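A.B. asks: So that you can map any letter, position 73 of the sequence shown is 73 in my numbering, and since no number is skipped, the others follow by simple counting.
FYI, nobody ran anything at the bench for these hints, they're computed from the structure. The model shown is predicted, which means the values in this text are computed figures rather than measured ones. Every residue gets a Cβ at the ideal spot worked out from N, C-alpha and C, and that includes glycine. There may be inaccurate statements among the hints.
Restraint ranges, calculated between C-beta atoms of paired labels, are given here [unchecked claim]:
| no. | residue 1 | residue 2 | range |
| --- | --- | --- | --- |
| 1 | K182 | F62 | 16 to 24 Å |
| 2 | Q43 | S3 | 53 to 61 Å |
| 3 | A39 | D178 | 33 to 41 Å |
| 4 | V9 | A150 | 46 to 54 Å |
| 5 | T122 | L21 | 47 to 55 Å |
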Amino acid sequence: MKSKSGIFVIGCLGFIGIFVLIAIISAAMIWSHRNTAIALDEQIKSQHVANKSNYDNMWKRFKEMAQVTDMQADDIKKVYTDLIAGRYNDTQVLFKIVQEQNPQMSKDVYNKLQNEISAGRTEFDRNQKKIADLVREYNTHIRKHIVMNAIFHFQTMDAEKFIITSDRTTDAYQTGKDNEVKLR
Numbered sequence: 001m002k003s004k005s006g007i008f009v010i011g012c013l014g015f016i017g018i019f020v021l022i023a024i025i026s027a028a029m030i031w032s033h034r035n036t037a038i039a040l041d042e043q044i045k046s047q048h049v050a051n052k053s054n055y056d057n058m059w060k061r062f063k064e065m066a067q068v069t070d071m072q073a074d075d076i077k078k079v080y081t082d083l084i085a086g087r088y089n090d091t092q093v094l095f096k097i098v099q100e101q102n103p104q105m106s107k108d109v110y111n112k113l114q115n116e117i118s119a120g121r122t123e124f125d126r127n128q129k130k131i132a133d134l135v136r137e138y139n140t141h142i143r144k145h146i147v148m149n150a151i152f153h154f155q156t157m158d159a160e161k162f163i164i165t166s167d168r169t170t171d172a173y174q175t176g177k178d179n180e181v182k183l184r
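Model the full structure from these sequences, guided by the hints.
C.D. replies: Laid out in structure tokens, this is it:
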């Protein structure tokens, strides 16, 4: 038969074992929550850099496409200037102009530019919403896990610092008013 002291020691070791097991599980859970918070933080930073790249690329595409229309307009202007100047030197040129196929400025370039602007803005808006959602997810995670946050001191993020807007939008949100867009 075992002595009372032996049973007491086994009971104490069992209690200590359970306590250690709970401590290990708790530490693992806290560490897992910390890792999730760090992964979300890194994802936000990465998305922010991707948004900057997307924004830069979008504006470069717009400018480059607009340069093509400017080049086309300059080329047509040069052709017509030469044709009109030649008309005064040779009276037969007027008849040639009527018979020739004259260069035309294609509307397709403008339509393509308009579509590119719309698509670029839509893609950028989607990316902005993505980073705002990541910030929301991060903030929710660190606020839900109080013990982890008490140990590691994570700070909530302000999604506003990651979002690009216009003066018009800022003014509308500050005043609570906005007017219709006037195209002309």
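A.B. asks: Each hint should be assessed against the structure and marked as holding or not.
C.D. replies: Each hint, compared with the structure:
1. K182 with F62: 16 to 24 Å: 22 Å Cβ-Cβ, so the 16 to 24 Å window holds.
2. Q43 with S3: 53 to 61 Å: For S3 against Q43, whose Cβ atoms are near 59 Å apart, the range 53 to 61 Å holds.
3. A39 with D178: 33 to 41 Å: At 38 Å between Cβs, range holds.
4. V9 with A150: 46 to 54 Å: violated, 35 Å
5. T122 with L21: 47 to 55 Å: holds, 53 Å
This entry does not satisfy hint 4, going by the numbered hints stated previously; all others are met.
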